[in-house]
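A.B. asks: As a plain string of letters, each chain reads:
Number of protein chains: 2
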Amino acid sequence: MKYFLILLFGTFVSNAQIASEQLNLMPWPQKIKLFEGTFALSKNFKVNITGNPNDRIFIGATNFVRRLDGRTGLFLEQSFLTKINEKPEAELQINCTRNGKIEINEDESYQLIIASNKIIINATNDLGALHGLETLLQLLQNNSTSYFFPVVEITDSPRFTWRGLMIDAARHFQPVDVIKRNLDAMASMKMNVFHWHLADDQGWRIQLKNHPKLTELASDGNFYTQKEIKNIVQYADERGILVIPEIDVPGHASALLTAYPEIGSKVGEGKITYEIQRNSGIFNATLDPTNPKTYEILSSIFDEVCPLFPSSYFHIGGDENNGKEWNANPAIQKFKQDNNLMNNHDLQTYFNMKLIPILKIHNKKLMGWEEIMTENMSKDAIIHAWRGTNEGQEAGGALIKAAKSGYNTVLSNGYYIDLMLGLESHYLNDPLPKKIILSPEEKARVLGGEAAMWSELVTPLNIDSRIWPRTAAIAERLWSNAEVNDINRLRKRLKTISFRLEELGITHIRNKEVILRNISNNQDTRALNDFSNLCEPLKNYKRNGGGKKYRMHSPLTLFADACNADAAQALDFNEAVNTYLDNKTVANSKAVTNFFKKWVVMNNDLIALSTNAPLVQPLLPLSQILSDLAEQLLSEMDKKKKVNPTLMKDLLEKCNTRSPADVELAVYTSLKKLVDIQ
Amino acid sequence: MKYFLILLFGTFVSNAQIASEQLNLMPWPQKIKLFEGTFALSKNFKVNITGNPNDRIFIGATNFVRRLDGRTGLFLEQSFLTKINEKPEAELQINCTRNGKIEINEDESYQLIIASNKIIINATNDLGALHGLETLLQLLQNNSTSYFFPVVEITDSPRFTWRGLMIDAARHFQPVDVIKRNLDAMASMKMNVFHWHLADDQGWRIQLKNHPKLTELASDGNFYTQKEIKNIVQYADERGILVIPEIDVPGHASALLTAYPEIGSKVGEGKITYEIQRNSGIFNATLDPTNPKTYEILSSIFDEVCPLFPSSYFHIGGDENNGKEWNANPAIQKFKQDNNLMNNHDLQTYFNMKLIPILKIHNKKLMGWEEIMTENMSKDAIIHAWRGTNEGQEAGGALIKAAKSGYNTVLSNGYYIDLMLGLESHYLNDPLPKKIILSPEEKARVLGGEAAMWSELVTPLNIDSRIWPRTAAIAERLWSNAEVNDINRLRKRLKTISFRLEELGITHIRNKEVILRNISNNQDTRALNDFSNLCEPLKNYKRNGGGKKYRMHSPLTLFADACNADAAQALDFNEAVNTYLDNKTVANSKAVTNFFKKWVVMNNDLIALSTNAPLVQPLLPLSQILSDLAEQLLSEMDKKKKVNPTLMKDLLEKCNTRSPADVELAVYTSLKKLVDIQ
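First to last, the protein sequences are chains A and B.
Quick note: the first sequence uses UniProt numbering, first residue 1, plus one each step.
Quick note: the second sequence uses UniProt numbering, first residue 1, plus one each step.
Rather than coming from a laboratory, the hints here were simulated on the basis of the structure.
No experiment lies behind these values; they were computed from the predicted model shown.
Check before you lean on any hint, since a few could be wrong.
Copies of the same chain look alike in the list, so a pair counts if it fits in one copy or across any two.
With a straight-line Cα cutoff of 27 Å, these simulated DSSO-like cross-link-like pairs (lysine-lysine) come out [stated by the list, open to error]:
no., residue 1, residue 2
1, Lys293, Lys584
2, Lys401, Lys443
3, Lys83, Lys548
4, Lys230, Lys434
5, Lys492, Lys598
6, Lys209, Lys180
7, Lys549, Lys87
8, Lys213, Lys230
9, Lys649, Lys180
10, Lys230, Lys46
So that you can see chain A by itself, here it is in the shape it has in the complex (with noise of 0.2 Å):
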């Protein structure tokens, strides 16, 4: 933890109250100063703006008071912000020197300042002022009685300009009031762009008047209007947050065609139709890039699209097409031919070119998958690398690549949330690794990256769990200064951080409570509760595999549902085993025994719970073998008796299995070194 004293603390004052360690900020500011002293909370407690901020700052302060009412019970007085300068002697004083622009490589710095008696939140403009009050909402601390703000000095602004979350509407719909409540999570997290995956294979999710079709036909009637939709661009930009729309083509395009399959690249005999998909996976449905009719479709839609959203970059999407129509339809094979194009790619590249004067025409530039980098590729699009060794590919490769290339480029790859892997793997994912050299203009084309929640196995009950708190570890490595990379410290302030996103509406305690309590069939969940604190979902979509067992109305009311990444009770687990390794101590001993106990207990109520409830059964092997091994395991550690070092390998075995629940035990690996000692 050397870099915090030397990198971030300059000026540090030892005898000051407060340590850094103290502080659960996320992300981790530029920096920190602290100093002795505090400033105190009361219901007097006012604020006012001063500069030529844009009034999405009263909204913002607005909120920041309710907030803190919420969270002190205080009942300060202050109601509504509405005007410049209405409050000269309140305690927090915001300047904004000018009005924020949404749009990227925008100034979003901030500088705060905590006197014993005084706030001052200084900004460029209002983004930079919303991030400063977001920074001291984290701050409040408290004694037994009382709340209060360290006197500190922070100086703070992004590393990367581009800190996005992609949200798949398209796949499971996601209704209005769970875009917003993410949104504000967002920028909770200072992340400021959101990309809204509107259009798949398994539906069409904006309303389209020139286009009534798509959305009857297409959307099972669920889809955002026109005034939804510029509701939330709306509600965006109050939070400081840039909405990227994708409608994704001439691949994924199953929703599309069901509406028009005269556009579609399928031969056949009589009509051809497509119709929307209800699994998971690649699909065949592909635009035909040879038929002119598809751009005059797709022209009249952007006409509609384009509109909505002030962005100056629309994303279209242009991955995964597996080109099975193109290769079987002739008139398409011709058309390669006749235009010289080598092969699916070059006719991709021939479609992707096609679609760039028709975006700007609406002032649009184009962005896409990284499929879309090709040789003559325009260097005004941004390029979105997704594609990892998952894929086949060096991890990231397609971002280098693209900055090499002159290409502006946005980093996903490494941050698919829904494949349900561990903080630690999105964390140390730095867009900008260290042994990669680039040139300065190189790296500055690194715009940044963006979490990416694909929606296949998420409703609005669960998708505020795969989404949070795991992004606000991503949205640091986003913002904060590459050394700020201690996962044990991330994972301490996480704790915070992640109680702290209920107070936005974020779901993933609460809605945990409901399923679990769904799968109890009413009855007491703390069997359950503990269990699925040692489990995590199948990661890398083993869950669904090929896409069939869950479908897009499968019920994700499960046990895997309700567990998560980053399993609490097994990493504590984990430690203890380390501990234990490292000295074998009485107490040591104890620390890990005690879990065994626990289990056994655990999975006897999981079994009594079961009498009354169909869905704790599929629980049950699994937990019995966790059982079964903790014994053994108490046996030789407690009672030191030896246990047949077979029957522990073949315990230990089953509980690597795949459980009929789709999850996995956690605690695995650590079982795994004890065992090997016995």
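Since the structure of chain A is provided, determine the placement of chain B on it from the hints.
C.D. replies: Quick look at chain B alone, frame taken from chain A:
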């Protein structure tokens, strides 16, 4: 419980596998015949619809399948229902003769027949069929591994045609998602009228394009757009629910007069202005009934509001006009004299009568709170009875008077759920009590009742917990036979009903955890939860005495907001005390003293918690007194040590003093019984 056997069971089959006591139906159906045997639910279960229903049955049946799937995790194969007779082989057959109309006195009856291999719902129209689906979901049973329905025949229809819930979205705005989830919950309880209180002193919540000033000046930005209103009316229609809008006039008009002060009754020097209120209470702002412009503006407001709501009724409020502005305005006094209006009541009638032809243009009849019932009021109006002993009136008096005077009438007195009274007071509040003798025609004018959720002390975070589950008891009162009135049986069923409301997104359980977690400052919430199950929020508006403590932006994240009427552990304690007092066995004594031991531990836990949680501090005085009294009673009952009776009485009375946490101990009465016998 005699009536269940006699009235409801008819040919009750004595060897039925499932007894009616096992069924958690609510509202309890008119007729149930249980037979031996069960219908086993499998993943192949499908639904088919025949007849000539409204399309809403497809939405209802699709939601039914998804809820069944989420609850059981069966991966049911059927996705979206969209067509008549799509699955003729389906196990569940729904037949509706005709399209249901969303209006009062529509036929809502249904018949549900479950055989071991087939389920049939027959209904005149889709409204009855939707009710049948809710009953079917409530009938689902399980053993340890599977789900099934009992073989049963149910014939059902409502006792009253008006089974409503009013939500006040004016004092605290309630966003669209709050309204929608409550509409879902209403439908699950077979409620059919949503009364939407859209304007009051604290805010104007409906967008009017001809009157943008109303939301610009009097909403703080919190209002429903017309699209949102239409969307909610449609959503309600899909669930068989009629929406009645309320614009409260001529009193409760601060918001309206903030935009249009020129039609207010206030006199004074200089420019007359009004502003929206931040406190609760009855305010002076009142429209000027003598000013023609008042009717011009109201008429043009109604021109825009009325077409948004298909209902043939329009609620004009008409309550709590304190008359102060009228009395202080010489021109209004002169108008009264000139027009032979004896008092303000007459003047208000004059005003109300002027609204009737304005509403008639839109084919709307007038509905208003009981104050509108005056000599000349049109018999077309619906009288909404609300006053009772709290307001110095006979409970429900206006209802009976209205029915006898020839008005249709709806009861809300006794159904004010914001008073935080217990279940019993609402459940036993029959609109047609036996002691009241009415002719058949008069009885028919008693349309039913409405739960009233005034929103002085509710936000989206806690509103569900104030509405549910108590409103389910009111729903049963209005649907079921008058003889279904056993409070213990209600409580037992309500435990399951309350749990099942989570399926529809109702947040009463989950958000309690959120509030407690905030109070605990992210520490263990068990002691807080235990204490919350002993305490109830202050009743009858005592919490916000005079409307001054809590303003519209005050935090409602406090302990009282996590507590609820009918505190669960208090009910258990009261039962244990009564059992002990009936029969002072050792076991019965132990059952009581076990509570005391828990409370002593709980108090210590709360003290420990408070060292890092300022919001726990206000709870400690009450918890400490309870713990002290528990220790004294423990000494007496367990150790047979005689305690100083003065000390004991003193402690008891301290248990009954106002707590800084704005709650009261729901165990006080039982404690008093114990102290009194020592």
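A.B. asks: Now tell me, hint by hint, if it's right for this structure.
C.D. replies: A quick look at each hint next to the structure:
no.	hint	verdict
1	Lys293 <-> Lys584	neither (74 Å within a copy, 88 Å between copies)
2	Lys401 <-> Lys443	within (11 Å within a copy, 81 Å between copies)
3	Lys83 <-> Lys548	between (56 Å within a copy, 26 Å between copies)
4	Lys230 <-> Lys434	neither (41 Å within a copy, 56 Å between copies)
5	Lys492 <-> Lys598	within (24 Å within a copy, 32 Å between copies)
6	Lys209 <-> Lys180	both (24 Å within a copy, 25 Å between copies)
7	Lys549 <-> Lys87	between (59 Å within a copy, 23 Å between copies)
8	Lys213 <-> Lys230	both (21 Å within a copy, 21 Å between copies)
9	Lys649 <-> Lys180	neither (49 Å within a copy, 53 Å between copies)
10	Lys230 <-> Lys46	neither (32 Å within a copy, 39 Å between copies)
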